[in-house]
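Listed in order, the protein sequences are those of chains A and B.
Residues in the first sequence are numbered consecutively from 1, following full-length UniProt numbering.
Residues in the second sequence are numbered consecutively from 1, following full-length UniProt numbering.
The list treats identical chains as interchangeable, and a pair is accepted whether it falls inside one copy or across any two copies.
DSS-like mimics (lysine-lysine), calculated; alpha carbons at most 27 Å apart, straight line:
| no. | residue 1 | residue 2 |
| --- | --- | --- |
| 1 | 282 | 147 |
| 2 | 175 | 358 |
| 3 | 282 | 175 |
| 4 | 175 | 147 |
To be clear, the hints were calculated from the coordinates, so they are not data collected in a lab.
There are 2 protein chains.
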Amino acid sequence: MPESWLDLEPDAEFGLATLPYGVFSTDAEGTDRRTGVAIGAHVLDLGAAAHAVGAPFADLVQGPSLDTLMGAGRPVWDQVRRALQTWLTDPAHEETVRPHLVERSSVRLHLPFTVADYVDFYASEHHASNVGRIFRPEQEPLTPNWKHLPIGYHGRAGTVVVSGTEVVRPSGQRKPPGADAPTFGASARLDIEAEVGFVVGTPSPLGEPVPVDSFAEHVFGVFLLNDWSSRDLQAWEYVPLGPFLGKSFATSVSPWIVPVAALEPARVEQPAQDPEPLPYLKGAEPWGLDLQLEVHLNGHRVARPPFSAMYWTAAQQLAHMTVNGACLRTGDVFASGTVSGPDPEQRGCLLELTWSGKDPITLPDGTERTFLEDGDEVTITATAPGAEGATVHFGQVHGRILPAR
Amino acid sequence: MPESWLDLEPDAEFGLATLPYGVFSTDAEGTDRRTGVAIGAHVLDLGAAAHAVGAPFADLVQGPSLDTLMGAGRPVWDQVRRALQTWLTDPAHEETVRPHLVERSSVRLHLPFTVADYVDFYASEHHASNVGRIFRPEQEPLTPNWKHLPIGYHGRAGTVVVSGTEVVRPSGQRKPPGADAPTFGASARLDIEAEVGFVVGTPSPLGEPVPVDSFAEHVFGVFLLNDWSSRDLQAWEYVPLGPFLGKSFATSVSPWIVPVAALEPARVEQPAQDPEPLPYLKGAEPWGLDLQLEVHLNGHRVARPPFSAMYWTAAQQLAHMTVNGACLRTGDVFASGTVSGPDPEQRGCLLELTWSGKDPITLPDGTERTFLEDGDEVTITATAPGAEGATVHFGQVHGRILPAR
Chain A
1 MPESWLDLEP DAEFGLATLP YGVFSTDAEG TDRRTGVAIG AHVLDLGAAA
51 HAVGAPFADL VQGPSLDTLM GAGRPVWDQV RRALQTWLTD PAHEETVRPH
101 LVERSSVRLH LPFTVADYVD FYASEHHASN VGRIFRPEQE PLTPNWKHLP
151 IGYHGRAGTV VVSGTEVVRP SGQRKPPGAD APTFGASARL DIEAEVGFVV
201 GTPSPLGEPV PVDSFAEHVF GVFLLNDWSS RDLQAWEYVP LGPFLGKSFA
251 TSVSPWIVPV AALEPARVEQ PAQDPEPLPY LKGAEPWGLD LQLEVHLNGH
301 RVARPPFSAM YWTAAQQLAH MTVNGACLRT GDVFASGTVS GPDPEQRGCL
351 LELTWSGKDP ITLPDGTERT FLEDGDEVTI TATAPGAEGA TVHFGQVHGR
401 ILPAR
Chain B
1 MPESWLDLEP DAEFGLATLP YGVFSTDAEG TDRRTGVAIG AHVLDLGAAA
51 HAVGAPFADL VQGPSLDTLM GAGRPVWDQV RRALQTWLTD PAHEETVRPH
101 LVERSSVRLH LPFTVADYVD FYASEHHASN VGRIFRPEQE PLTPNWKHLP
151 IGYHGRAGTV VVSGTEVVRP SGQRKPPGAD APTFGASARL DIEAEVGFVV
201 GTPSPLGEPV PVDSFAEHVF GVFLLNDWSS RDLQAWEYVP LGPFLGKSFA
251 TSVSPWIVPV AALEPARVEQ PAQDPEPLPY LKGAEPWGLD LQLEVHLNGH
301 RVARPPFSAM YWTAAQQLAH MTVNGACLRT GDVFASGTVS GPDPEQRGCL
351 LELTWSGKDP ITLPDGTERT FLEDGDEVTI TATAPGAEGA TVHFGQVHGR
401 ILPAR
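Input sequences plus hints: build the corresponding full structure.
Spelled out as structure tokens, the structure:
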């Protein structure tokens, strides 16, 4: 790939290998929302640049959300990405394109698309085993179905918020072990879950399953997701119909959506699957992804979860989610579930990192954490191998805990 | 209430006591969608009538969905309902209003609003006890949390369809008891769940619970819902994170949304709750609702579930759903869960009616049913006491099963 006429630091966040999409504004009220592409220390106003260049897709990328671009389908996504690579490297385009660059530090970022449905999976064998040991110590850690299908459930789309949104500590019912009855109050076991999210661009009709090998035709992009979880609310409510209020108060997502095309060099074989999955879950091509996540608590790194260790791939999740004929809509989000690797420092939530509070984490300021305290700040970042040895950057998803109301 | 200048049959479906809202079209393609009100054998084109009368709310009710009316809030809902009652009874309005009536038999009805999130509860003690006995025979029928909180989970908003939409039999994984491994195929235990749905009009901010007594400020209307369920898919997948593909292939809703105001005469005390619920679930006013449902299979009535027997009210469900700070959006749907009464003929799903297939139903044509067969048609209807001794009608939610693809 030629170099950019922009003065990009080598391996700077958001080089030419990433080119993620987001929605930004520059006015005080955040109302002039526009589609942008992050490039180094800048954001390219994509609609304005496309109109200046006279690109045929200009009308699709000028909106206040990514919805129209996402719904346009893979051929258009590829066309836009190729155009961006040309515009940002060909000196002949500099004069036309440069006026549409904005300092990234000066913009406000917004939830970049309309979330349709939100499904959360549970695809890390290490995470599911650890949670099983903690929540159901008298049973086998993995339920009998776990290695046959990617277990998932629907979450609350209306409380998906963009990185930076403060999270109010939830209140609700919780019942300590041994207590006679539940009590009401602020969650005392507030946790994070470091996850990777996927957003659907191309919809599918009701009644027609999406094959596992059609992943790249339907999925527009990839981002980071923090599935905030109240372990005390969750433990009391989740039998028999699954998580509800323990999760539905907030789910934070990173603002920059990394195109699936940027992750071609990050594709790896997933871990071996035994038993062999049913045919509808067996793809011809690998969709493991070599993303390296990091979890920071108040600026201190507490975990480095490897996404390549996930048992079920996003392509398998998509095929499973639709095998019953459920349709896809533009904006459907599905997330991996907590990303945890085999090693203790690779665990993506505090429930595992502190083993349900038994092994507190000591922070550099000398304080200990079992679960999140008011004022705590959590940041999840990730990188992946990109084209020509470059690095793909995911930016970050960040949130701070406000006291219960 | 004065009589209408329309020649309404006494106790005809959709008299002045109901005045439900829907979205209809009259062209072949179904593209000229307009907000309508059902009145006897007619539909009133609400936007056209409101503009003709010069009503201040005309712009809110002229859209191709109920979204704008729903989002306008209770004072507007009350204003529109009062106006409708006046227009349809005051002879002085007949000349202006009558041109905007369309024969109900000539219109096509559509999904009347944009579904935001969809939550399904599990609020019938009789249903939950029966399901517990069938699915978990070795345990107590009700889980320990059941009488402390209204158990619910999020369903798939994108597969909520309007009455009349045909339902393709879902395929997926199921594992018969005793089998070594799951197999893939068409669901062999396809079921219905007769439920009552509620749709939110007035939204609420993230982080702020909605009090139990604010129900009527937020909930716009009530309708019927058939939560199609694949019992074999569900039984294999639902531990530990709850129902997913066993439910997400389709959820059918009735097209006419009955305003909460129409149900004032149907409000009753709910069954006694023991233990006493926590304060956030204790309302000052009763929100039990005396709706009488009927379930018809191929034209034959198979059940008469009484909604008044539900343990948890919709007001309690709304308070619970938001107590963790989850926000409400216009178009959020929540449903009661299967409506089952104490008597065998009051059970709202085939799982209970046939006791998991052990006691087949014999239809008038001599055939037996345990679960649904291809071509079967299911219709759910309901009525409730309305103003001045009249009857509130809910119309119907209807669906036919197509063979698996």
